[in-house]
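**Q** Chains as they are written, first to last, in UniProt numbering: chain A, 1 to 318; chain B, 1 to 354.
Hint data in this document are derived by calculation from the structure and do not stem from the laboratory. It is possible that part of the hints are untrue.
[Said to hold, decoys possible] Lysine-lysine pairs mimicking DSSO-like chemistry, simulated, CA-CA at most 30 angstroms apart:
#1 B:130 - A:312
#2 B:23 - A:124
#3 A:124 - B:24
#4 B:91 - A:124
#5 A:312 - B:116
#6 B:20 - A:124
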Amino acid sequence: MLSFLLRRAGLMIVILFFVSIIVFSLVNVLPGDPALMILGQEATDESLEALREDMGLNDPLVMQYFAWVGDLLQGDFGQSFRDNTEVSSLLAEKIPITLQLTVMSFAIAVLIAIPAGVISATRKGTLWDSSATLFALSGVSLPPFWLGILLIFIFAVTLGWFPPSGYVPITENVAQSLWYMLLPAVALGVRLSAELTRMLRSSLLEVLGSDYIRTGYAKGLLERAVVYGHALRNSILPVITVSALQFAAFLGGTVITEEIFNIPGLGQLLVTSIQTRDFPVLQGAVMFMALAVILINFLTDVLYSILDPRIKLTGGSQ
Amino acid sequence: MKSTSEENQLQVHGLEVGFKNKKKYTQILNGVSFNVNKGETLCIVGESGCGKSLTSLSIMGLLPESGEVRSGEIRFEGQELTNRSMKEMSKIRGNEISMIFQEPMTSLNPVHTVGKQIIEAIRIHRNVSKKEATERVVEMFELVGIPSPRERVHNYPHEMSGGMRQRVMIAMALACDPKLLIADEPTTALDVTIQAQILDLLNELKGDLDMSIVMITHDLGVVSEMADQVLVMYAGEVIEYTDSKSLFENPKHPYTQGLIASIPKLQGKTEELPVIKGAVPNPDEMPSGCRFSTRCAFAKQECFDQSPQEEGTEAHPVRCWMYSAEWQQMTPLKGGESNGYTTDGAVDREPIRN
């Protein structure tokens, strides 16, 4: 276990190093001049030049890179070009919002997917199964932005049950916050739940046909105990893989949903920073996402080894 | 058979089981009947696909979803099992009737310790604490010959060998003192020395625990080691039913004779083993007469058209025309058409001289 942790930590540093190079290069090949974005089209050449010098944009790229990484290592993400706010405080403000959205949509997805997957696998070929399959198929083919607009139209505009957009911090008012976030979480969660349902169904069907399930019945267990006590844990691994990948993707990829529901999360921050050539913010946000992906993968591996004792966490490459 | 009903642990009578697919029904078991007396071992023998496993699953009430008991009786201690609900059957399974399977490598749940899996089996049927159940598991592990049982309780299945896992399966099956143990080819997946150990263990436990065993096998070696009574099945029918001794000394059905002839002998040189040519017919294409007629060396014309009835004695019934009164009057096949197992064997050939 210890060698596993050490190996993972080493790997994480290497990956972050390469990510930092890629992020830095990408940002610098983006067309557009941050100084021009800040001062506007009417700025004089002298003032532009002075600002560039001031922001360190005239230094050689290698120098700029090492300056940035050096600061990063000290926990300094730099300041936004736009208003000089600390990138770290911007991130600290936005990440919880997106995290809340992600967690809520995952909760919704899992709450739908596990019963739906179990029912359609154990009642294979019945109306239940067909309905769950229909739901899964339509869920996978519905783009979240379209579902989002539909939800706003039905539940916010027509019925007036939910606010159409906006955000209340969870620290301010828990109920309000959950209320505001529910529609976007559903818009994101339905698609995920559809994916997980299909995954769980096929995986569970395979497990239900295995010999140890028959053993379970042979020792006198009833179906419920067999399914939840023996089959589910064995069939959940592929579901967890997909979930982990999706969780990481959600942290950075809820841009459109955040845009539709006007949620000031990480996605919006990312889009604005690209539009305004706000390099420090962009770099900081992308670095955070890379870190999140690595951490989630790590946690997934640990979870795997807990759920399936045959999987051993070792330092060696397998 | 001769036994009275008090001695009967299990009576199966006229069992017909088949599979329903969409609207089509395919019958596999065709009127299977047998008795298992208390403390007795019955071996069911036959080649793959003859319905021996299906018979055992029917007794357990563990038929696959498309499977169906069409008619017949399964009586356990005089009580009918075929009309029990899933819930009622689950009280019997693992408690009064237990089963061990062919594949010890995959029959245990890989994500739970073996101890936990047996404790679960005990606590379904017995109102005992976890600690008491654990003690029982250790006791059972000792009984089935698992070394350092107290430590082994915490092992996962993948940390054990195939033989050890089969011992775990046996411990699990016997944990609630069943009156009947169904063993579906319990040694097929194990290597020969382990096979012998497991068979010895079962024989020993049978005496100690006073239970009946239904042993399903295709291995006549297992039969000679274990059986009191033997049921030979072919294509879903019982074709011969007798005690172990008369089966080996006086096999009546041509199929049984073929099975016994195909056992390799240690004495003398055998260049090529006699075989029963052909394969079990497909359930959808059963011959209208005797089901073995297509492979039988002695088949006569009528064998292909009419099913034989149970002939022979009460103690040794056999389903074959040869033992009927009509046999002498039946029309033999024209020469060269016979399709038996002996004609091709090296045993009958001229010895090679050099």
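**Q** A separate judgement is required for each hint: does it hold in the structure or not?
**A** Going down the list of hints, with the structure as the test:
1. B:130 - A:312: holds (28 angstroms)
2. B:23 - A:124: Distance ~17 angstroms between residue 23 of chain B and residue 124 of chain A Cα, so the pair holds.
3. A:124 - B:24: holds (19 angstroms)
4. B:91 - A:124: The given pair, whose Cα atoms are some 26 angstroms apart, holds under the 30 angstroms limit.
5. A:312 - B:116: Given that 30 angstroms is the threshold and the Cα spacing comes to 20 angstroms, the pair holds.
6. B:20 - A:124: holds (16 angstroms)
In this structure, none of the earlier numbered hints is contradicted; all agree with it.
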